[in-house]
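Enquirer: Sequence:
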Amino acid sequence: MPQHSFFTLFRSDEGEIDAPIWWRGILILGGVFAVLTLGWLLIEPFADRSLATTITSTIVVLTANLYRLAYGVICLLLLICFYNLSAKRWRDLGRPPAFAGILPVVGAVVAALHWLEPRTGGDTPHVLVIAADLLLFAVLIWNITELGGIARFRV
Numbered sequence: 092m093p094q095h096s097f098f099t100l101f102r103s104d105e106g107e108i109d110a111p112i113w114w115r116g117i118l119i120l121g122g123v124f125a126v127l128t129l130g131w132l133l134i135e136p137f138a139d140r141s142l143a144t145t146i147t148s149t150i151v152v153l154t155a156n157l158y159r160l161a162y163g164v165i166c167l168l169l170l171i172c173f174y175n176l177s178a179k180r181w182r183d184l185g186r187p188p189a190f191a192g193i194l195p196v197v198g199a200v201v202a203a204l205h206w207l208e209p210r211t212g213g214d215t216p217h218v219l220v221i222a223a224d225l226l227l228f229a230v231l232i233w234n235i236t237e238l239g240g241i242a243r244f245r246v
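Numbering (the working numbering), first residue to last: 92 to 246.
None of these hints come from the bench; they were simulated from the model.
Model, not experiment: these values are computed from the prediction.
Backbone N, C-alpha and C define an ideal beta-carbon position, used for all residues, glycine too.
Do not take every clue at face value.
Computed spacing ranges between beta-carbons, pair by pair [as the list claims (entries may be wrong)]:
id, residue 1, residue 2, range
1, G240, W206, 19 to 27 Å
2, V164, A222, 39 to 47 Å
3, V151, T99, 35 to 43 Å
4, R115, W206, 43 to 51 Å
5, V220, G130, 33 to 41 Å
6, A125, R210, 21 to 29 Å
7, G185, G121, 37 to 45 Å
8, T99, I150, 39 to 47 Å
9, I165, G185, 16 to 24 Å
10, F228, R102, 38 to 46 Å
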């Protein structure tokens, strides 16, 4: 297999990669996501406050909302990078590279449901969010098993 640079792994879905390269890419993407999410968990309590307060509070709320915006955009970019990385791995396995789009789409829908549910005043059933979480978990396990090289150890 040819050497892959940091950027060619994530910028294009062309080519093939083996399981160890896929794992390295996933660890990079997961690390970036974990750091960003930790930042969001620290800043999130400030994001839902009113801007009609003192100037100090306004700057904090504005900063938190700018982080919220950046977090959303970067998460979308991470999903695109995941697709590009996984499409290479699916192709290496002789499977359709389009399978790489399943996890990002399900992940985006689940994230949207988590955002939407508290804002609908009970119109979105919580069981729907739980079912979506279970589906995301199943797709994640499927991806890790197939793309991570674990499936080859089946009996």
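Enquirer: Now tell me, hint by hint, if it's right for this structure.
Expert: Structure-based check of all given hints:
no. : hint                    : verdict
1   : G240 / W206: 19 to 27 Å : violated (34 Å)
2   : V164 / A222: 39 to 47 Å : violated (28 Å)
3   : V151 / T99: 35 to 43 Å  : holds (40 Å)
4   : R115 / W206: 43 to 51 Å : violated (31 Å)
5   : V220 / G130: 33 to 41 Å : violated (24 Å)
6   : A125 / R210: 21 to 29 Å : holds (26 Å)
7   : G185 / G121: 37 to 45 Å : violated (26 Å)
8   : T99 / I150: 39 to 47 Å  : holds (40 Å)
9   : I165 / G185: 16 to 24 Å : violated (32 Å)
10  : F228 / R102: 38 to 46 Å : violated (28 Å)
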